[in-house]
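There are 2 protein chains.
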Amino acid sequence: MTAIVQKYGGSSLASVEKIKSVAKRVINEKEKGNDVVVVVSAMGKTTDYLVNLSKEISHNTNKRDMDVLLSTGEQISIALLSMAINDLGYDAISFTGFQAGIKTDGVHTKNKIVDIEIEKIKEYLKEGKIVVVAGFQGINNKGDITTLGRGGSDTTAVAIAAKLGCECNIYTDVDGIYSVDPRVYFRAKKLKNISYQEMIAMSSLGAGVMETRAVEIGYKYNVPIYVASSSEYITGTYIKEYEKEMEEQVIKGIAIDDNIYMITIGKVLLNSNNIARIIERLGEENVNIDMISQSSPQNGYVNLSFTVCKDDLNSVCKVIDEIKLEIEEMIIDIKSNLSKVSVVGLGMMNQSDMIGKMFRVLSNNNIEFKQFTTSEISVSYTLDDKDKEVAVAALAREFNL
Amino acid sequence: MTAIVQKYGGSSLASVEKIKSVAKRVINEKEKGNDVVVVVSAMGKTTDYLVNLSKEISHNTNKRDMDVLLSTGEQISIALLSMAINDLGYDAISFTGFQAGIKTDGVHTKNKIVDIEIEKIKEYLKEGKIVVVAGFQGINNKGDITTLGRGGSDTTAVAIAAKLGCECNIYTDVDGIYSVDPRVYFRAKKLKNISYQEMIAMSSLGAGVMETRAVEIGYKYNVPIYVASSSEYITGTYIKEYEKEMEEQVIKGIAIDDNIYMITIGKVLLNSNNIARIIERLGEENVNIDMISQSSPQNGYVNLSFTVCKDDLNSVCKVIDEIKLEIEEMIIDIKSNLSKVSVVGLGMMNQSDMIGKMFRVLSNNNIEFKQFTTSEISVSYTLDDKDKEVAVAALAREFNL
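Top to bottom, those sequences are chains A and B.
For the first sequence, my numbering gives the first residue as 1, with consecutive numbering after it.
For the second sequence, my numbering gives the first residue as 1, with consecutive numbering after it.
Each pair may be met inside one copy or between any two copies, as identical chains are not told apart.
As a list, the in silico DSSO-like pairs of lysine-lysine whose alpha-carbon atoms are at most 27 Å apart:
1) Lys30 <-> Lys18
2) Lys63 <-> Lys310
3) Lys63 <-> Lys126
4) Lys142 <-> Lys103
5) Lys20 <-> Lys45
6) Lys129 <-> Lys55
It should be emphasised that the hints constitute simulated quantities derived from the structure, not laboratory data.
Hey, can you work out the whole structure from these sequences and the hints?
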């Protein structure tokens, strides 16, 4: 028998009706003759509800307690989905993270899976049972309940598939991976396939369908990940090993990241200690610096620019206020309403004309960009929000996305 | 250091404000210099909410799933209470049933505690931590999450106190044990002490404050149980070993059980097989037969009367319909709107005048009773609901309750 891991997100389980409909989809897979493991998230807005409850208790929540609290969300889901499957005459068994042997390590609310004692799941699959597992949670070596943070349920699903050596199907509220977010560019095409590396780039550059970490596990253990709609039976997208095709399309997609802030620190004395001090302090405050650039020195001064996401803005301001006390002449400029538009494609760097084409497209459309960076498989531009749609549409047309 | 177990029920934890106020009470106990273990139920109506969710999924719920579902209620409570205690600068740690090492056995939704691996709790107490434990739940030897059924959180609390060899304080929405339910007899006195045996009789005869099983564990392991208000600091009631007092009050209290139905099966041929058959079938349907009596035979026929609680009425009717097909001449009478009033007191049976006094009191007040039974420490009457208050008040006055 072939095993298969299915994962359903919170919006696919938001009501009793939706849970019943997921139960039917699970049974459908079982009826095909497969051994089925189902990984579920918390129902709809359950996690938000629990987070709000905790905020009413304390603004400085103990993180171990937070994990105990949040993990109840998926536990409710596994119980209800298992009930629904059992009610339809099939044999299901539900497991929380600790029962499924999902061992984690790290800090509370942001744990990482270190291993899964997969024998228990295998044993129940052998008995013909449908195994329903709580995503997003595990247990650490002290016996504490832990959670995995953002993208946790996807991570659980792909990790179980890696252990079983089988495919992982992620069912969600979008019906696949698109070359461009269809809300921004409605002509965007759904991809049949995307390589792990391209998907990791797309995700880390802002495409919201899957968190990077789950794709990374898929990449590492070569787990085919299929992303498709949880409500309709239409073809989705496979994330898998890169396969060279005959007529290769170098550019695979465009990732868009909104809510970007660009911080420019002007008149910094060109003194490696000063710049190191700023970057160091930002790191200490856990600020994720994204695109960073430095102007060429003028009269011994440089301008330092970097982008951060909205969540980190308060920490950035805190650090700047501190540093200002030390370096009085600094000039600070914060630009909001920016987006990052990234063009992603494996092997792009081997085609030297690609970047030229992009600059031409932006220029022809009178789009100014604030910053520009490249990696092996992507080119990113920071630009004004208002220019985003025009830029994306023009790039998508140029590269036939 | 002396350890103490506190238990708070769902209504004492029904809101964030109430949880914060419980946190302060817990800290207050810790500040007295005690090692504190707190056992909590699910917040307010959480269990009802979860039960209703499950009913929407299935009318024939898988009981293992039900336990997975219901146990989230207490898990939410331990997380929030621990957060609240930590937020006030004290060191709390939360444990679910499995984390606290509460081993159970039996059928899902109705498990019994077989052992508690108490070392873990002791270890954290030694570190000075306040240990917050989810009541009502445990884990069986297969690693399944289990729940303990009615009165489960009280049972968890008393069982932990038994293992720690310490006192157990049950904080609830009543402020102690009364000789009579104050809603029926407003002059009822709060008892300073009641013996385990008397409390077990009161509980099993209908007094709702504590479930019998928790008191039974207290009795078995000699755990002093103190029942008091969770919202006010006023003296409650100790349930403990019977102590002979100088001026002994033989009658301790009156228990009242509403919603009693009396079934009379008339014209049963006096044939032990017939009666055995009826009782046997009721047992198979898990009907709890309470007071049972049989008239003296007339012309070879007897009448069989017994009382059942409302929950069992459907099962009783089912059995009667079956039996009627076999024994056609049977006459069935079901009386509703009945109450059971029980007078409870240790050593009552040694005072032969007690029962006589009760009959005199009822007779003086023109109260008819349908049935009458006695045990070593109680005398129970089935009577019309409408007579209940007069009977209780008369008996309470007579015995100075």
